[in-house]
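Sequence order for the protein chains is D and A.
Here the first sequence stands for residues 1 to 253, where the numbers follow the working numbering.
Here the second sequence stands for residues 1 to 253, where the numbers follow the working numbering.
If you are wondering where the hints come from, they were derived from the structure by calculation, not from laboratory data.
Please note that a few of the clues may not be correct.
Copies of the same chain look alike in the list, so a pair counts if it works inside one copy or between any two.
Below are the SDA-like pairs computed for lysine to any residue, each with C-alpha atoms no more than 20 angstroms apart in a straight line [stated by the list, open to error]:
id : residue 1 : residue 2
1  : K149      : Y78
2  : K149      : D61
3  : K99       : L251
4  : K99       : F252
5  : K99       : R253
6  : K149      : R232
Number of protein chains: 2
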Amino acid sequence: MSLAGELRLIPIPLADEIAPGDALAEKLLHSLRGQRVSLRPGDILVIKHKIVSKAEGGMVDLATIRPSEDSVSWAQKYGLDARVVELALREGRSVVRRKNGVLITETSHGFVCANSGVDVSNVDGGRHALLLPEDPDRSAAQLRRQIKKFTGLAVPIIITDSFGRAWREGLTEVAIGVAGMKPMRDDRGRRDPLGYSLRVSVEAVADELACAAGLVCGKLNRTPACIVRGYRYPTGRGSARDLLRPAGSDLFR
Amino acid sequence: MSLAGELRLIPIPLADEIAPGDALAEKLLHSLRGQRVSLRPGDILVIKHKIVSKAEGGMVDLATIRPSEDSVSWAQKYGLDARVVELALREGRSVVRRKNGVLITETSHGFVCANSGVDVSNVDGGRHALLLPEDPDRSAAQLRRQIKKFTGLAVPIIITDSFGRAWREGLTEVAIGVAGMKPMRDDRGRRDPLGYSLRVSVEAVADELACAAGLVCGKLNRTPACIVRGYRYPTGRGSARDLLRPAGSDLFR
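Just chain D, with the same shape it has in the complex:
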């Protein structure tokens, strides 16, 4: 039984590894059928980007990367793979910080994260690196259309990755692709129960949904997606770009 106002996170495990060209929407729906769970109106589907990138073929054979001298010496200094460093530099449009073996870049999409989001874990034992989806909003919109085709339901889709933060230790999930909802809840101008106007109350709900999903979508339990049920999301068109602070108004790059 669900209580009124309760929110539920329903994991969607996938037994198989995802390969380039795989039909992701069908595989997720197949897993749900196996659990006897049906999508419902109001559900949100949250998906880790790795399976999206894999399905889209966003893998790079590290043997094809010729690192620059600079990448080689920096990688040697910190015990890193120079080819991954090289790839991360290529995938970034600017370097935000590069110090103590940490490389923080701004990606072509505008995300500020470590190594431009280039990842070698959970891929194939270190031979290939996985890139972020080329256009995660577009990937989310495509999945949304496919899910609608099969189920008749147009559910919001959030694609996530694990990013580090300034000032705080540890990674948390963030939304890198959004379709079918607004990623921010804007309460500015509304009044609290005591009549005081809420001044700076823009809540990054897509990132909070990503974090919530991160609790059930484990790296080690082959659960790359989940349903969020019971959350009244901000309706309307939205993009993960809405979550990006323009460099000009950012005090920390």
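Let chain D serve as the given structure and place chain A on it in line with the hints.
Just chain A, lined up with the frame of chain D:
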């Protein structure tokens, strides 16, 4: 019916405003009884700091604050309340950034956030400002002991606030006080299903739990707390300080 692996967030609404000296644990348990919900082993209790600060009397009468000339001129320039600016500067142990009307400080606890966490919304219409709890870990530990006294269950407690981030727009909830669990899940050294060691996989689960709770604990719906049910949290002693990156290894202050 709950499915295996499912996670549930159960809101704990409070009808009344919290006043200094209120017995928070009793009020939360009273609300749960009203909903016919019982705490269970494995539950986590997540609580917005505002009711904790209010119960602890962490309110400052703004009429008692004499802002410095500097605070007055800066506040005038950006249409802010000089007394709140003054209080924020007093509550911080250092200023991290101060530009474009935004004041980012490091608080006495070590949190990096806007205005040292000083807040005037949802207090009493702008007469008083609310401070962060003096020692949020201690507040969490006290609540944990009281909940245990009444229910026999030693559940983890997370106290949260809404912080802004570098690079990304919007606020998200973060853990500022933790008792009864480790705030980080450390998968370093474990191997993914393909045998590749997970290199940088420390997950700030207390912050993800805070974000998840943020989805059901609204500013406007008088729901300052919730239960997270079904999450296998990292057991052991922990502190919200574990989430703070030491200034010396932080590339962004």
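Earlier hints that do not hold, by number: Of the numbered hints, 1, 2 and 6 do not hold.
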